[in-house]
Structures are given as C-alpha cells and as structure tokens.
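Those protein sequence lines, which keep their order, are chains A and B.
My numbering applies: residue 1 is where the first sequence begins, and numbers increase by one.
My numbering applies: residue 1 is where the second sequence begins, and numbers increase by one.
FYI, nobody ran anything at the bench for these hints, they're computed from the structure.
Quick caveat, the model's predicted, so the values are computed rather than measured.
C-beta atoms are modelled at their ideal positions from N, C-alpha and C, and glycine is treated no differently.
Be careful, since some hints might not be right.
Unchecked claim - Okay, the calculated beta carbon distance ranges per label pair:
#1 A:Arg44 with B:Asp222: 42 to 48 Å
#2 B:Ala165 with A:Leu100: 30 to 36 Å
#3 B:Thr213 with A:Ala275: 51 to 57 Å
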Amino acid sequence: MTPSETATWGDFVEGLPIFRDAILCGVAAGAVLGPLGVYVVLRRMVFVTAALSQAAGLGVAVSFYCAIHLGLDVPPIVGAIVTSLLVTVALAGKPEWLGLSRESVLGLAYLAGGALAVAVGDRIAQEAHDIASILFGTAVLVRPLDLTLLLGASAVVAVVLIVGHRGFVAASFDPDGARVRRVPVAALDLTLWFLVALEVSVATRALGVLPVFGFSVLPAMGALMSGVRMSRTLVLASILGAASGGLGYVAAFFFSFPVGASQTLAAGLLLVPFAIARLVRRDA
Amino acid sequence: MRDRQLAPIVRCVGLEVGRTRAILPPIDLELGRGQLWALVGRNGSGKTTFFLTLLGQLRPVAGQIHWASPRPRIGYLPQRTSYDDLFPMRARDVVSLALDTAWSFARPRWREPTEVLAALTEVGAADLADRPFRALSEGQKQRVLLAKLVAARAELAFLDEPTAAMDAVAERDTFERIAELTRRHGATVVVVSHHVELARRYADHVLLFDPETPAVLRGRPDEVLESHEYRRSYRPPAPGGPVPEAS
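Next up, chain A with everything else stripped away, as it sits in the complex (with noise of 0.2 Å):
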C-alpha cells in the first residue's frame, strides 16, 4: 500500500491491520538497537552497525542470487546473518597485526558490502526492488516471517543485555581493571558484537539499512545527552528507539515519506530537545 497525501487518522486506523507488523517490526527494532547503541556510541564504533548492515544487505543479495542463478534456496536472512557474522570475527580480530586501525576494517566491510551488494543486485534484476528495499530502508510491509525472527532476536538480545547489563558496563569503561578481577571482558565483547551482528542482520532484512542505522545511533546520542546513569541511559535509549521505530512510521503515512527515512528522521527529530536540554543546562 502506498501511503496517501491527503491520509487522514481514519484512513490509518483502517489500515491499522495491514500497518501493524510493520509497526510493530519498527518499534521492536528501535527499542532494542536503542540500547545496544549506547554501547556501540561510547565504544565510538558508530559505523559498526553501519557496516554489519549493509553485509547484511549484501547476504540478502547472494542469497536471491544463489536462488536464481545457482538454484540454491538459502534464506535471505540466514545470508544476512552469515555476511554479518563474518564482519564481526573481522571486527574481533586484531588488525593491527596488518598494520591497520579497527577503523580502517569497519570502513572495508562498509564499502565492500555496500559495491558487492550493489553488483550482486545488478545480476538479479527480477530482485531490484527488493535489493533496493533493503539497502535503502522503502519497505513499506513486512512479511510475517520477518517479524516473527525480529520479535524473537529482539528478546534475545534483550534478555541477554538486562542479564550481562553489569559485565558489559565493566568491560566497557573499565575493561583493565574488569580482567583484573577475572571479569570475562573478552567473552562479553564478542557477545556484545554478536548481538549487535543478530539484530542488524535481523533488522535489516525487515527494515532496510538505514533505519536500522539510525536506530543505532540516533536514539543512543539523546539518551547519552540527558543521562547521568548508564541503567537509565539504557533504558530511555530504547524507549526513544522504539519511538522512533512507531512514529516514523506514522509520519511515512501522513506525509507520503519513504519508511525507512521518515523513521530515521523521527529518530533525528527526537534527538533534537536532548541536544537543547543539554546547551542550556551547560550554559546555566
């Protein structure tokens, strides 16, 4: 369905049942790439999800390639999940040892992901528009299997997160001192990717890039404005990324945007009263 210029409240609440998964996927996606932000902002890895999201768009590509031309039936988002994964070891790894910043690799997964994903699409051209979907977040509909896998990794990720909450706080700010005292920084930094790699890999297949971006960033940078508490910066870090996910969606449908941006918008646009919250308190 494509949301009408002149859509009204009525017109919404009707279509509400078709909307709702996609709602839902959205809100779901925010509440928990909000959070996980938190951690990928203070790490000042913000491209991490930029480029563990386009290798997942670039999985979803090989994967309507390798049905098409190869006649092999892999599920897009078990190549989202796959190409994801792969970034993540890469990240765990140690670049230095090539003479490299961990930087430099998140920016090798980005453009390779996004060119592969670009030319892997140019050879599956009956798939375009859903290549063109994910990449640049125009899904307007989710398909039931997409929200079932993104409900069902968002409570893992959550669960997973509200029970380590302590663990990764540690290995984040005080990672030396944390595997001094025998705390498993190591184990709960791959963790922390891992999740981060799920949900994108996840996300993205139901969202498009660049929502599932901005959800992992947007939302984080607010929540790290107002806060003076890591538990409350968490929790109103999902609170603006679940937002973020519902009311972009509204406003896609009000106003004819494209879902993707109008999300990430609503995510920037929500950004906006922490960033003056904060001017004005520094200037008090």
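The hints should help you fit chain B onto chain A, whose structure is shown.
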C-alpha cells in the same frame, strides 16, 4: 616498621618482563603485606609491562611469580586517561564496579551494596556519591577510584600514575590517602609515580627501573634515590640547560 609484618604477598624470582623479549634484567622481589612501594622509572622503562605481567595480562618472558595462599585480592587502577568521560556514571556507579568478580555480574542485584557508600565515606568522598564521575576534579576522581579499591577489599593494589594531571595539593592529598589505605587495611600498594619527593616521603620502598644500564634497583627510598643509577637516570640539569623529564 611495616617490614615486621608477615610473609610476602607476592614473590618474583628471576622475573623477566617484556612483550616479546625481556626489557629489563631479571627481577627478584618480595612485596610484604602493608607495604607501600613507589615504582620509579623513565617513560618506556617497563613499569606498565611489569604491572601487566604481575596482573596476569602478559606472560613472563622467564622466571616465576609466587603468590601467597590463598591468592590475594588484587586491585588495579590504570592511568586516569583510561576512563572515558563519555560514560554516564555516577561516582557510586564507578565504585560498585569493583564488587563484581568473574561471572558474578550475572547475579541480579536489586539494591546497591552497603560497601559502596562505606568505601566512599572512608576516603572522604561520600558527598560525591551522586555526582557524575566526569564532572569531578582530578583529585576527586582519584578519591573515588581509591574508594573502588577499598570496596574491592584489595589486598594488593597497583596504581598507575594516580596523580597525573593533579595540582600539588591534590597530589599530596592522594599520597596521604594511599598511605592511609596501607595503614588501615594492611593493603600492599605499588604506585607508579612521577613525583620522587612524594615517593621519598610516603613510600616504604622504591623500585627503580633503568632500561639504559640496564638495572633494577629496590630498597629503602633513600638508598635507591641516592644511587648512582637513579642519579644517572634523572641527572641534574646543567646550569641554564633543559630540565630532564622525571619518570
């Protein structure tokens, strides 16, 4: 006086430290309970490598480390620059990190343990408990970090340049609190310091790393700080010449 106390908490025998090859001569060393050691050496002399080896983060190139039994609780305060001011942490949150060891973080904790405020109170930082860590002065931050060691009930603590970026008053205050920590809790503290006069005043022992000779000296502050090796490392400035950087 503290030397009267007990068996060593850790003993290094022919310990050679380095990432791939030994960067210092073999180190033979006993750290007694309740002692305050100052570790002195110029930049790149191997101080942090020595710390990391004792902390189990690096393998010794050679030699052995013998720990007291049961193995003591160890605390480590890395250089202050290791703590990122972006993190939204209150002082009490920073202290509470010390209470988790190994996988204990996975056990739910519904209330803040009483040790957190008790530790902050002990170092005179109770009034800072709810303030953002990033908003504190360097001296206040260091007090909070010392509270972290108190909360962890560290028996052996390694402090890497705890007075970096502090003014003279805050430096003295920090050394007094470190000395108090050793007196009150019987903790053994090894502190890397740029400030030789404070080390001379507060430390029981000094450990000097001189990678040029190369040499490792240990002993009473006056013995080490009057040694030929120390004077060679920190040679006095020629009249009108540049002052060499200490440590």
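### Distance restraint evaluation - Ala165 of chain B, Leu100 of chain A, Cβ atoms, bounds 30 to 36 Å
holds, 31 Å
#### Entry: Outcome for the supplied range 42 to 48 Å, where the beta carbon pair is Arg44 of chain A and Asp222 of chain B
holds, 46 Å
### Query
Do the Cβ positions of Thr213 of chain B and Ala275 of chain A conform to the proposed distance bound of 51 to 57 Å?
The hinted range 51 to 57 Å holds for Thr213 of chain B and Ala275 of chain A, with Cβ atoms some 56 Å apart.
The structure fails none of the hints (numbered hints given earlier).
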